[in-house]
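Position chain U against the provided structure of chain X, taking the given hints into account.
The listed protein sequences derive, respectively, from chains X and U.
Okay, so the first sequence: first residue is 4 according to the working numbering, each after it adds one.
Okay, so the second sequence: first residue is 1286 according to the working numbering, each after it adds one.
Please note that a few of the clues may not be correct.
[Said to hold, decoys possible] Calculated lysine-lysine pairs in the DSS-like style (CA-CA distance at most 25 Å, straight line):
id	chain 1	residue 1	chain 2	residue 2
1	U	K1386	X	K74
2	U	K1386	X	K6
3	U	K1386	X	K60
4	X	K74	X	K60
[What the hints assert, rightly or not] Away from chain U, derived, C-beta distances all over 10 Å, residues of chain X:
id	residue
5	S10
6	L14
7	V22
8	V55
9	S70
10	E75
11	S83
Everything labelled a hint here was simulated from the structure, so no lab data went into it.
Each residue gets a CB set at the ideal place from its N, CA and C atoms; glycine is no exception.
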Amino acid sequence: DVKVTQSSRYLVKRTGEKVFLECVQDMDHENMFWYRQDPGLGLRLIYFSYDVKMKEKGDIPEGYSVSREKKERFSLILESASTNQTSMYLCASSLTGQGGGYEQFFGPGTRLTVL
Amino acid sequence: DAKTTQPTSMDCAEGRAANLPCNHSTISGNEYVYWYRQIHSQGPQYIIHGLKNNETNEMASLIITEDRKSSTLILPHATLRDTAVYYCIVRVLVPMEYGNKLVFGAGTILRVKS
Chain X
4 DVKVTQSSRY
14 LVKRTGEKVF
24 LECVQDMDHE
34 NMFWYRQDPG
44 LGLRLIYFSY
54 DVKMKEKGDI
64 PEGYSVSREK
74 KERFSLILES
84 ASTNQTSMYL
94 CASSLTGQGG
104 GYEQFFGPGT
114 RLTVL
Chain U
1286 DAKTTQPTSM
1296 DCAEGRAANL
1306 PCNHSTISGN
1316 EYVYWYRQIH
1326 SQGPQYIIHG
1336 LKNNETNEMA
1346 SLIITEDRKS
1356 STLILPHATL
1366 RDTAVYYCIV
1376 RVLVPMEYGN
1386 KLVFGAGTIL
1396 RVKS
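With the rest of the complex left out, here is chain X:
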């Protein structure tokens, strides 16, 4: 079974703090994603990566950065946390070209609260 793990289920940080969210997958997937999920807004893509050291902006990259130094690990960084970054953060990974489908496998999520 594909396993995607995230470093924390719940996190509370203060405004202005630097926040690191870690994601690790154990199935040698090329592609990794960071989403945030907010009530009424659905899932929104922040950043994705299709190879080590490669990163691409998603729909809402402002205020975030990412790092992918190893294939299995994709980190999301909030350089200076703000209250509007309070959200559920979801990491996902996928293979490329899996029988025409690119199903994504998700981690359990990190619920981040910024005070």
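Here is chain U on its own, set in the frame of chain X:
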């Protein structure tokens, strides 16, 4: 990606089949139909996907109409643990460097009752 329409909520008796409909009347020929679900406080879980043929796996069956304008996800024997929000997504696959993001709508809240 084509827009989808799903009922807001559905109830199903435990042990019975749950049939979740999805309309995607503007789907184009190269768009796949995907289903995910999200159990409360967990990450989304992939269920099944298809292009035009019906598909079955250990979790569910996907029935796509011949004109591909609608589909139905079937959970053959629903259990209480199947209570979740079910998302129908229609998407075209592009090279990864252009992103293959998932766009979830509101989905259908399925409540399985004993």
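Hint-by-hint comparison with the structure:
| no. | hint | result |
| --- | --- | --- |
| 1 | U:K1386 / X:K74 | 19 Å, holds |
| 2 | U:K1386 / X:K6 | 19 Å, holds |
| 3 | U:K1386 / X:K60 | 11 Å, holds |
| 4 | X:K74 / X:K60 | 18 Å, holds |
| 5 | S10 | 14 Å, holds |
| 6 | L14 | 15 Å, holds |
| 7 | V22 | 19 Å, holds |
| 8 | V55 | 13 Å, holds |
| 9 | S70 | 18 Å, holds |
| 10 | E75 | 17 Å, holds |
| 11 | S83 | 25 Å, holds |
Checked against the numbered hints given earlier, this structure breaks none of them.
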